[in-house]
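A.B. asks: Got chain A sorted already, so can you dock chain B with the ligands onto it with the hints?
Number of protein chains: 2
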Amino acid sequence: MDDLDKLGLATASAKARKSYREGGIPIGAALVYHGSSLDLSNAVVLGCSHNQRIQKSSPTLHAEIATLEDAGRLKADVYTKCTMYTTLSPCSMCTGAILLYKIPRVVIGENKNFVGGEKLLKEHGVEVKVAGDTECEELMARFIKEKPEVGKVHLYSTNYAR
Amino acid sequence: MDDLDKLGLATASAKARKSYREGGIPIGAALVYHGSSLDLSNAVVLGCSHNQRIQKSSPTLHAEIATLEDAGRLKADVYTKCTMYTTLSPCSMCTGAILLYKIPRVVIGENKNFVGGEKLLKEHGVEVKVAGDTECEELMARFIKEKPEVGKVHLYSTNYAR
Ligand SMILES: [Ca+2]
Ligand SMILES: [Ca+2]
Ligand SMILES: [Zn+2]
Ligand SMILES: [Zn+2]
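So the sequence lines, in the order shown, correspond to chains A and B.
First residue of the first sequence? That's 1 in our numbering, and the numbers climb one at a time after it.
First residue of the second sequence? That's 1001 in our numbering, and the numbers climb one at a time after it.
Just chain A, same shape as in the assembly:
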């Protein structure tokens, strides 16, 4: 993995671990601006956050949505020069948010615990890269095993894991 994606995914992963330590769903994300090249030297982390379903009792603050909130209101063309990093394959809502803001590139930590809107993203011309990160995968699997009731309600029933 190149330096930019290493930074982006590590930033998202740190948020996932923070959420896990708080007893929350361990999914993190980061929105990284890089301009028209994928060069780390131009990169800015515009926002990063984690799923806040448990922490804020929120049905919509998934990692990617919370990250867009963390980044705040940006000019439309800024999004078009960013990559969204997320530790887990994005659900249909987060997929839609990525399409809404025309974010051209998504790097996914893992899609073993859940496969989301990757196909729809690709159909709309978004570049999708699955890193196959074992740390992301193991943390999510551990959470589902430790809190099966949360896994069942939050992940399975709401389409959030296979």
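Derived from the structure by calculation, the hints contain no laboratory data.
There's no promise every hint is true.
What the hints assert, rightly or not - With a Cα cut of at most 30 Å, we get these calculated DSS-like pairs of lysine-lysine: (1) K1119(B) x K129(A); (2) K1122(B) x K1006(B); (3) K129(A) x K1122(B); (4) K102(A) x K1119(B).
Keep in mind it's a predicted model, so treat the numbers as computed, not measured.
C.D. replies: For chain B with the ligands alone, kept in the frame of chain A given last:
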């Protein structure tokens, strides 16, 4: 329009007007529980809100997302017995949120000012009803005319209107 849909759309419309009075984007929504029949006598408005892009400087609190937040965390099966009312055709993010929570029915005030994810909803078996409400249509058109810069940035560039 039957009584249930009249109530739901009127509730969403009141929120759109509130947002307009606050100088915000005049889009409102309501999540109404009705059980397995579409009978008004069983109905409960679980949540209702409006777009809060201007008011809360939020990139993700569209009317439907704010409405899901207003309703709070619900059991997964509650969503499957609800209708989402929204004054304007839902964008890709809100479309994805409706699919995430498996809300089976969406009633749209108008789709003249913007056509969102109606096709995707239908492909996933969601019932989509467009009310063709002239009040919704006129309020949104007035806003776009009065605040073309907001219309341009928030609506057009982020895929929010044709
Ligand atoms: Ca942050
Ligand atoms: Ca409300
Ligand atoms: Zn999501
Ligand atoms: Zn929306």
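A.B. asks: Hints first: check each against the structure and report whether it holds.
C.D. replies: How the hints compare with the structure:
no., hint, result
1, K1119(B) x K129(A), "holds, 27 Å"
2, K1122(B) x K1006(B), "holds, 22 Å"
3, K129(A) x K1122(B), "holds, 29 Å"
4, K102(A) x K1119(B), "holds, 19 Å"
Hint compliance for this structure: every hint is met.
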